[in-house]
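Could you build all of it, start to finish, from the sequences and the hints given here?
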Amino acid sequence: MNRNDYEPLRWAVVLMALTILLGGCDRGPGKQATPVPEVATVTIQPQQVELSTELPGRTSAYLVAEIRPQVNGIIKQRLFQEGSDVKAGQLLYQIDPAPFQVAHNSAKASLGKAQANLPSIRLRAERYQELLADKAVSRQDYDDAAAAVAQARAEIEYWQAAVEGARINLGYTRVTAPISGRIGKSSVTVGALVTAYQPTSLSTIQQLDPIYVDVTQSSADLLRLKRNLEAGRLSANEANLRKVRILLEDGTPYSLEGTLQFRDVTVDPATGSFTLRIVVPNPKHLLLPGMFVRAVVQEGIDAQAILVPQQGVSRNPKGEPVALVVDEAGKVQQRVLTLNRAIADQWLVASGLAAGERLIVEGAMNVRPGAAVKVIPWDGPKGGVKAPNTKRSPAESN
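So for the sequence shown, our numbering puts the first residue at 16; every next one is plus one.
Hints listed in this document are in silico derivations from the structure and should not be mistaken for laboratory results.
What you are looking at is a predicted structure, and each value in this text was computed from that prediction instead of being measured.
Certain hints may be false.
Unchecked claim - Pair ranges (Cβ atoms, derived): (1) S75 <-> K200: 17 to 23 Å; (2) A131 <-> D100: 46 to 52 Å; (3) Q63 <-> S270: 25 to 31 Å; (4) K346 <-> R242: 32 to 38 Å; (5) R189 <-> S121: 16 to 22 Å; (6) Q60 <-> N255: 44 to 50 Å.
Unchecked claim - Straight-line distance between alpha carbons at most 20 Å, and here's what the computed DMTMM-like set of lysine to aspartate or glutamate pairs gives: (7) K389 <-> E335; (8) K258 <-> E65; (9) K102 <-> D224; (10) K241 <-> D279; (11) K258 <-> D229; (12) K123 <-> E179.
Glycine included, each C-beta is placed from N, C-alpha and C at the ideal position.
Structure, rendered in structure tokens:
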């Protein structure tokens with residue numbers, strides 16, 4: 016058999032191989048069905064949450080008294096330890112009392128002289144009255160005697176007032192504490208000359224227990240809060256609204272609660288904010304005037320709050336917060352949200368989501384709006400779990 020006899024057999028083998036190869040291509044990956052992506056979701060459930068806001072502020076003394084002399088003189092003694100606690104009425108400075116004691120004694124002597132002159136002047140006037148009836152003295156002499164009595168009585172009253180004034184000035188040489196509290200450094204030493212009502216105080220006393228905390232809040236936040244209360248989105252508990260927690264400068268909580276005393280009625284036009292004053296117990300004097308603190312002020316109770324995990328919220332190219340939800344048909348929909356604030360690891364959503372919707376918290380990077388997905392349970396914390404921290408920070412609102 017020659018070479019040409021094998022040619023038909025060779026072509027038959029080639030055709031069979033091509034048929035097998037093409038058949039294998041038809042069954043390749045390109046013809047397999049694309050798997051449906053899986054996503055983990057949480058079902059949104061409304062819950063009751065107590066909301067609060069965190070406001071910056073500073074402490075100030077409950078009472079402040081600047082000590083100033085009320086008479087001129089030389090400081091003879093300083094009778095307190097700088098930085099110590101003093102009681103109301105405690106003697107702080109002794110001004111030289113000698114000239115004031117002399118003035119007091121002189122006024123008392125003049126009063127005694129005036130009182131001694133009055134009886135004889137009064138008797139003369141009485142005799143002149145009897146003689147006038149017999150026409151033994153003129154009417155003018157009697158009138159002069161009666162005027163002398165009135166003048167003597169007025170002179171007694173004058174010196175009585177002078178004695179009282181001298182006594183008061185003598186008492187002013189004893190500079191006492193007008194309030195109880197902690198006294199600061201002394202601006203004068205023994206031997207210094209002081210003048211009455213001088214502009215520079217001798218020292219300052221501050222009452223530190225309780226202590227004030229003055230914080231500021233924007234008028235826009237106040238309007239928002241009032242609208243929410245009026246619309247019924249928030250309910251107010253007056254007892255809780257007056258309770259305020261204090262955070263120290265290092266972020267640690269202060270052990271005692273404060274009480275909201277009042278909200279200022281004037282808005283600062285430069286900052287658009289107003290002041291809230293809080294009274295805080297301070298028995299250990301841990302808080303000192305001028306310290307920076309933060310106050311956690313209660314806003315109210317949101318009975319239908321919607322909290323969602325933060326990992327279920329992202330931003331679109333416009334910077335708007337968005338979330339993906341799975342509808343009843345098992346397809347993805349995108350929602351633009353309005354966020355109120357962050358609460359622990361969750362967002363409080365003001366609008367954009369409704370109760371019962373399924374929010375995608377895992378697998379969102381693999382799907383697009385309109386795509387069909389397979390929902391699986393989420394192993395992480397479920398949406399709707401109340402977080403312990405519900406304070407508001409202005410930077411967190413959207």
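Practice problem: Starting from the hint 32 to 38 Å, judge whether the C-beta atoms of K346 and R242 obey it. | Solution: holds (36 Å)
| Outcome for the supplied range 46 to 52 Å, where the beta carbon pair is A131 and D100 | The hinted range 46 to 52 Å holds for A131 and D100, with Cβ atoms some 51 Å apart.
| said: Taking the Cβ atom of R189 and the Cβ atom of S121, is their distance within the range 16 to 22 Å? | reply: holds (20 Å)
Subject >> Restraint check for K241 with D279, where alpha carbons must lie at most 20 Å apart >> reply: holds (15 Å)
Is it true that the CA of K389 sits at most 20 Å from the CA of E335?
violated (27 Å)
Tell me if the beta carbons of S75 and K200 are separated by a distance inside 17 to 23 Å. Taking Cβ atoms as reference, S75 and K200 lie about 19 Å apart, which means the hint holds.
*Just tell me: holds or violated, for the beta carbon distance of Q60 and N255 against 44 to 50 Å?*
Since Q60 and N255 have Cβ atoms about 24 Å apart, the given range 44 to 50 Å is violated.
> Can the restraint linking K258 and E65 be considered satisfied, given a maximum Cα separation of 20 Å?
Replying inline: holds (13 Å)
*Take a quick look at whether K102 and D224 sit within 20 Å of each other, Cα to Cα.*
Given pair K102, D224 holds - Cα atoms ~13 Å apart, limit 20 Å.
query: Are the Cα positions of K258 and D229 separated by 20 Å at most?
result: holds (15 Å)
With a cut-off of 20 Å on the C-alpha distance, tell me whether K123 and E179 pass. holds (9 Å)
Quiz item: So the hint says 25 to 31 Å: do the beta-carbon atoms of Q63 and S270 match that?
Solution: Once the Cβ atoms are compared, 27 Å apart, the range 25 to 31 Å for S270 and Q63 holds.
Figure legend: structure checked against the earlier numbered hints; hints not met, in rising order: 6, 7.
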